[in-house]
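K.L.:
Chain residues, written in single-letter form:
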Amino acid sequence: MRSFQKNWSGYVLAVAGVATVTATLKLLDAHINAATVALAFLLVVLFVATWRGARPAVVASVLGLLCFNFFFLPPFGTLTVEAADNWIALLVFLITAITVGQLSANAKRRTQEAEAGRREIERLYQELRDAFERASHAEALRQSEKLKSALLDAVTHDIRTPLTSIKASVSTLLQRPATTAMGDTVTIDAEARLDMLQVIDEECDRLDRFVEGLIELARIEAGEMHLRRRWGTIDEILTTAIARAEPMTRHHQVQIQLPSELPAVQVDPRAVSEVIFTLIDNAAKYSPIGSAIVVMATQADTDFLEVAVESAGDGIPVALRERVFDKFFRATRDGDSSNVRPPRGSGMGLAVAKGIVEAHGGQIWIEDGRDGRATRVAFTLPVGGPTVEPHTLESPEAVTL
Amino acid sequence: MNGQARILVVDDEPQIARVLRTGLKTHGYDVRVAADGLSALETFADWQPDLVVTDLSMPNLDGLQLCKRLRAISQIPIIVLSVRGEERMKVEALDAGADDYVSKPFGMDELLARLRAQLRRVSATPKPRASSPILEVGDFHINFESRSVLVKGLEVHLTPKEYDLLIHFVQNAGKVLTHHTLLAAVWGGNYTEQGEYLRVFVGQLRKKIEPTPSTPRYLLTEPWVGYRFNPDS
Numbered sequence: 001m002r003s004f005q006k007n008w009s010g011y012v013l014a015v016a017g018v019a020t021v022t023a024t025l026k027l028l029d030a031h032i033n034a035a036t037v038a039l040a041f042l043l044v045v046l047f048v049a050t051w052r053g054a055r056p057a058v059v060a061s062v063l064g065l066l067c068f069n070f071f072f073l074p075p076f077g078t079l080t081v082e083a084a085d086n087w088i089a090l091l092v093f094l095i096t097a098i099t100v101g102q103l104s105a106n107a108k109r110r111t112q113e114a115e116a117g118r119r120e121i122e123r124l125y126q127e128l129r130d131a132f133e134r135a136s137h138a139e140a141l142r143q144s145e146k147l148k149s150a151l152l153d154a155v156t157h158d159i160r161t162p163l164t165s166i167k168a169s170v171s172t173l174l175q176r177p178a179t180t181a182m183g184d185t186v187t188i189d190a191e192a193r194l195d196m197l198q199v200i201d202e203e204c205d206r207l208d209r210f211v212e213g214l215i216e217l218a219r220i221e222a223g224e225m226h227l228r229r230r231w232g233t234i235d236e237i238l239t240t241a242i243a244r245a246e247p248m249t250r251h252h253q254v255q256i257q258l259p260s261e262l263p264a265v266q267v268d269p270r271a272v273s274e275v276i277f278t279l280i281d282n283a284a285k286y287s288p289i290g291s292a293i294v295v296m297a298t299q300a301d302t303d304f305l306e307v308a309v310e311s312a313g314d315g316i317p318v319a320l321r322e323r324v325f326d327k328f329f330r331a332t333r334d335g336d337s338s339n340v341r342p343p344r345g346s347g348m349g350l351a352v353a354k355g356i357v358e359a360h361g362g363q364i365w366i367e368d369g370r371d372g373r374a375t376r377v378a379f380t381l382p383v384g385g386p387t388v389e390p391h392t393l394e395s396p397e398a399v400t401l
Numbered sequence: 001m002n003g004q005a006r007i008l009v010v011d012d013e014p015q016i017a018r019v020l021r022t023g024l025k026t027h028g029y030d031v032r033v034a035a036d037g038l039s040a041l042e043t044f045a046d047w048q049p050d051l052v053v054t055d056l057s058m059p060n061l062d063g064l065q066l067c068k069r070l071r072a073i074s075q076i077p078i079i080v081l082s083v084r085g086e087e088r089m090k091v092e093a094l095d096a097g098a099d100d101y102v103s104k105p106f107g108m109d110e111l112l113a114r115l116r117a118q119l120r121r122v123s124a125t126p127k128p129r130a131s132s133p134i135l136e137v138g139d140f141h142i143n144f145e146s147r148s149v150l151v152k153g154l155e156v157h158l159t160p161k162e163y164d165l166l167i168h169f170v171q172n173a174g175k176v177l178t179h180h181t182l183l184a185a186v187w188g189g190n191y192t193e194q195g196e197y198l199r200v201f202v203g204q205l206r207k208k209i210e211p212t213p214s215t216p217r218y219l220l221t222e223p224w225v226g227y228r229f230n231p232d233s
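Chains as they are written, first to last, in the numbering used here: chain A, 1 to 401; chain B, 1 to 233.
These are calculated hints, taken from the structure and not from any lab test. Quick reminder that beta carbons are idealized off the backbone N, C-alpha and C, glycines included. Check before you lean on any hint, since a few could be wrong.
What the hints assert, rightly or not - Taking lysine-lysine pairs in the BS3-like style, the calculated list, with each CA pair at most 30 Å apart, reads:
id, chain 1, residue 1, chain 2, residue 2
1, B, 68, B, 25
2, A, 167, B, 25
3, A, 167, B, 175
Claimed, not checked - Example chain B residues on the side facing chain A (calculated, C-beta under 8 Å, incomplete):
id, residue
4, 19
5, 104
6, 132
7, 133
Build out the structure end to end from the sequences listed, making use of the hints.
P.N.:
Next comes the structure, spelled out in structure tokens:
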């Protein structure tokens, strides 16, 4: 129906166009010649072809031919032609008009098709992009669900475990005088009492550390970590961290490797020391008793210092090396959990470490260690200021603490 | 039990193991501690404990595997410690042969009560059918030949399935029985997903044996897990 209307309007346009041009040319009769007339009608054919397609253009061509003959070729007012050259002019006009009509209609159609094709591609692209967006939204949701359940797991394990020790101790200490399975009166001796009180004390500290870690992580995530940067040397920071980790590393050999000259850094020493402490603590947790933990710092390039902690053990599979920096992720629990030691940490240490390193403009990553050590956790810190005086350590000497 | 009962505590959390050792020793038990399933099996072989208390998530050999391995070689009572929220694992452990569970965090009183119940159950295990046609447990007197059941001296009339279900409960008095275990034992392996059968029959059994079926004393519900039969009201 629409197509019919469109065609019909094309024919009307053809008729009207030819009539208008004929009338106009007739008004200017004195000033025109046959070539002008032919070109004017061709123009009508061109417009009709462009706007309304090939068939109305043919109609316009034929009507143009008739009007050309009738009004403008002698003898005027008849459809007969006297001069032979006028026959040729009419024939040329007809061929030209029809060819122009078909060509321009084709060109128009192609343009329209190309336009439709482009719109279709745009539409498909948009659809694809929407689909991708929906998919990534779903993926993000899924990730956030996973994170929530990881949080729940962490809370379940890391809060309930110390609570279990505390509750069991307290409920033992609170027991009313009772009899044992053997009928003896239950008396908690001083040693047992002290033992249980110590457990309560230690487990309260453990809960407190867990809460502290949560707060730290929340701060980093909210972008509220304010670095208190000051000038210092990396060996001071290393020494502080190693001293703090001493209770955890009693069963390991801790070695420091430092070159004689390292540039000073402008960092938050407490925060960076926390990162190194976390790495040493992890190294001690996951490497065999008696093995070496090597803490080293080098100048990676002109802009960065590289600090690394290497340890022995099973190592971390390549596939998990990025995920261990996710909060609450524990390779030993969430990765392959067969045949490995249980996690003792909160799963927050490396996430906090990553936050601190990135806040300083550095990067942190895990790679294979050197000299047969399985794991190397390294991070960079931007260098600021001139090289400081060579420090007292002979280099590159390994110092065993 | 001759002298001190021997309890093997298996938990990879050193602090929990420490508290259990001290607490149980205070109550007159002889205690040894293992940090994982494999060393628990070694200690079990060397020391022959009377009861095992084990955590579920452990390295090397987890609590579930430990239950299976122990069940394959022994009828020793096993109590599993599970964190609330690990319901599925708890049920798996009970299906794998554990006798009871305690949810962390727990009070020492609760653990001690469960320990005593399991040790009692072992020392008073109902005799197998073959040796005697009469079974007496707590308030229950059952004659296998006449298939008659007396509760506190009063006879109750049970349908064959109710009878089978009751016998299974009585023979496992004090032990937590999962829905799965009960369905497999009474209806057979094809019916282990038909929880509604069990609810209906437990309901009918309660009407017949409980003084007040709405507050059962013998057939106790263990939420989300199964049932426990307590032979003494």
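K.L.:
Give a verdict on every hint.
P.N.:
Each hint, compared with the structure:
1. B:68 - B:25: The given pair, whose Cα atoms are some 27 Å apart, holds under the 30 Å limit.
2. A:167 - B:25: Given pair residue 167 of chain A, residue 25 of chain B holds - Cα atoms ~17 Å apart, limit 30 Å.
3. A:167 - B:175: With Cα atoms ~25 Å apart, residue 167 of chain A and residue 175 of chain B stay inside 30 Å; holds.
4. 19: holds (4 Å)
5. 104: Since chain A brings a Cβ to about 4 Å from residue 104 of chain B, closer than 8 Å, the hint holds.
6. 132: With a minimum Cβ separation of about 28 Å from chain A (threshold 8 Å), the hint on residue 132 of chain B is violated.
7. 133: violated (33 Å)
Taken one by one, the earlier hints fail for this structure at numbers 6 and 7, listed in ascending order.
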